[in-house]
Amino acid sequence: MSLADLSISDAAKKLDSKEISAVELAQDVLENIEKKNSSINAYVEVFDDLFLEAQKADERRKEGERGDLLGIPLAIKDNILIEGKRVSAASKILEGYEASYDATVINKLKKVGALFTGRANMDEFAMGGSTEHSAYGITRNPHDEGRVPGGSSGGSAAAVAMGGALGALGSDTGGSVRQPASFCGLVGLKPTYGSVSRYGLIAMGSSLDQIGPIAKTVSDVEILHRAISGEDASDSTSTPEALRVLKSLPERPVIGIPRSFLSAEGGGIDSNVLKNFEESISRFKDLGYEVRDIELPNVHHALSAYYIIMPAEASSNLARFDGVRYGLHQKGDDLLSDYLRTRGEGFGEEVRRRILLGTYVLSAGYYDAYYNKAVAVRRLIGDDFARAFSEVHFVLTPTTPTPAFRIGEKSKDPLTMYLEDIFTIPANITGLPALSVPSGFAEVDGKRLPLGVQLTAPAHAEHWLFGAGKRFLSEHA
Amino acid sequence: MIEVETIKKLAALARIAVSPKEEEKLRGDIEAILAYVSEIQKAGTATPRSSEGFVNVMRSDVDPYPPGIFRETLLKALPERQGDYAVVKKIIAQ
Chain A
1 MSLADLSISD AAKKLDSKEI SAVELAQDVL ENIEKKNSSI NAYVEVFDDL FLEAQKADER
61 RKEGERGDLL GIPLAIKDNI LIEGKRVSAA SKILEGYEAS YDATVINKLK KVGALFTGRA
121 NMDEFAMGGS TEHSAYGITR NPHDEGRVPG GSSGGSAAAV AMGGALGALG SDTGGSVRQP
181 ASFCGLVGLK PTYGSVSRYG LIAMGSSLDQ IGPIAKTVSD VEILHRAISG EDASDSTSTP
241 EALRVLKSLP ERPVIGIPRS FLSAEGGGID SNVLKNFEES ISRFKDLGYE VRDIELPNVH
301 HALSAYYIIM PAEASSNLAR FDGVRYGLHQ KGDDLLSDYL RTRGEGFGEE VRRRILLGTY
361 VLSAGYYDAY YNKAVAVRRL IGDDFARAFS EVHFVLTPTT PTPAFRIGEK SKDPLTMYLE
421 DIFTIPANIT GLPALSVPSG FAEVDGKRLP LGVQLTAPAH AEHWLFGAGK RFLSEHA
Chain B
1001 MIEVETIKKL AALARIAVSP KEEEKLRGDI EAILAYVSEI QKAGTATPRS SEGFVNVMRS
1061 DVDPYPPGIF RETLLKALPE RQGDYAVVKK IIAQ
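So the sequences go chain by chain: A and B.
Under our numbering, residues 1 to 477 are what the first sequence spells out, in order.
Under our numbering, residues 1001 to 1094 are what the second sequence spells out, in order.
These are computed hints drawn from the structure, not numbers from a lab.
Note that the coordinates shown come from a computational prediction; the quantities given were computed from them, not determined experimentally.
Careful: at least some of the hints might be erroneous.
Chain A is faced by these chain B residues, among others (derived, beta-carbon under 7 Å) [claimed, not checked]: (1) Leu-1013; (2) Ile-1016; (3) Glu-1024; (4) Arg-1027; (5) Gly-1028; (6) Ile-1030; (7) Val-1055; (8) Arg-1071; (9) Thr-1073; (10) Gly-1083; (11) Ile-1091; (12) Ile-1092.
All residues carry an ideal CB built from backbone N, CA and C; glycine is no exception.
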């Protein structure tokens, strides 16, 4: 068995008991990367200092230091800054750019001695659900190389699934951690908005973005989330610790199922997914959870609200890439044509599309009909969840309407791709935490494709999600 | 209906050069996306809610960094520089 197959918590135990060393662990991880990355393409870059850092972790342990992440190799999505390393958000426009500081999450991980394997591939600027929109080539799903790993954190998920890291960080703006985790048979968390600092994350939709962990077990995701969350003065949207109220969960928690949302047209839920979802409900019932149907009357507008708010915010955030401050610079006849050429050639197709869409919904004359309306609807959806959470503790849906799709199947038509996010977007629109856990497989064309279900909880109730997720997967805490 | 003219205008506003062939593709895509998201008009109107839970976050204007300590770090990222300046083409036309 390769040490890379270990969970983070098991590897930490073996490291503490000196059964294995961080260097040996790093060796097995690198071996998998060498064997598999040429076809999977989970990494845009593999760092050359992994061994050196592993040696340092072994030294720290020798001196008596202990920790769940000390010496654990993690893949980092290519939109999270690590000082002195290149970072590109998988875009040509950041070609050659080297991060000038550490993201807060990286700073925290360095302190506890986690190791970074490399930069994980992604959809350019985190725009996409398949990791087919990367300037550095597509990433393939380790469960079926003819299929996508999901996205936009597809490289992060594929890296863990192929044994090229024990855990990973991704970012989730509309499902970009949970959907790839689901497609690759892993656990993924979108934390409560404001619980993890966004300082040092290349922004897409600033009111939606959160950095979240991907790993093989709920316990591992919990370890990573504990390590990266916390109030941060460098992110003004970071929630003060005093407001992170942690309620305890009753003996017999209640799960709400938004039935009419699941059967609404437009969802196009695969029959394998539906069957697996009903089995998952039965499993929760067997575990002693009460399950009841709930109504979220406005949640079917979430996708529309998202595809107005997100491009609006992205078009503003991406204005900074002008060819003057960093990255790519294409020369034209004058300053204006420098901008036009740099941005025209530096941004990929999906990014250009979303910037133009954002520019449209923010322009005078359309601002009220689109952007303001979307902001109002966002509030309605938040109220729907608040009402639901007065009766239930969790909302359960499938993570995605389909298992991993074939490469090229949805990349021609942006709208079909957007519909993949139908169940994951509400958590970003409302800021609520949501966890995707593996729930079984769909047999398609002789391949076993992983499926996942998603639990959503009230703000700052990540610990509820971890508790329910562990019980669902029969993990011992 | 989205016209090609609208796409040209948006591209100019967003400072993105778009080829004529791509203009037509973008026109179709954006029209389809807008047609989909326009269903949001059918949603009810939100009841006005106080901004409870939201506070404006300001950093106190104290303890400034000593001047210049990040200068070289930031300048190093410039695609084109001359000493401590970023090089751009002249802005004022003749």
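Cross-check of the supplied hints:
1. Leu-1013: Cβ of B:Leu-1013 sits 5 Å from chain A, so the hint holds.
2. Ile-1016: holds, 5 Å
3. Glu-1024: violated, 13 Å
4. Arg-1027: Violated: closest Cβ of chain A sits about 10 Å from B:Arg-1027, beyond 7 Å.
5. Gly-1028: With a minimum Cβ separation of about 10 Å from chain A (threshold 7 Å), the hint on B:Gly-1028 is violated.
6. Ile-1030: holds, 6 Å
7. Val-1055: B:Val-1055 check fails; min Cβ-Cβ to chain A is 9 Å, beyond 7 Å.
8. Arg-1071: B:Arg-1071 check fails; min Cβ-Cβ to chain A is 11 Å, beyond 7 Å.
9. Thr-1073: Status holds, d = 5 Å.
10. Gly-1083: Since the shortest Cβ distance to chain A is 16 Å, the answer is violated.
11. Ile-1091: holds, 6 Å
12. Ile-1092: Where the cut-off is 7 Å and the nearest Cβ of chain A is about 10 Å from B:Ile-1092, the hint is violated.
Violated hints for the displayed structure, listed by number in ascending order: 3, 4, 5, 7, 8, 10 and 12.
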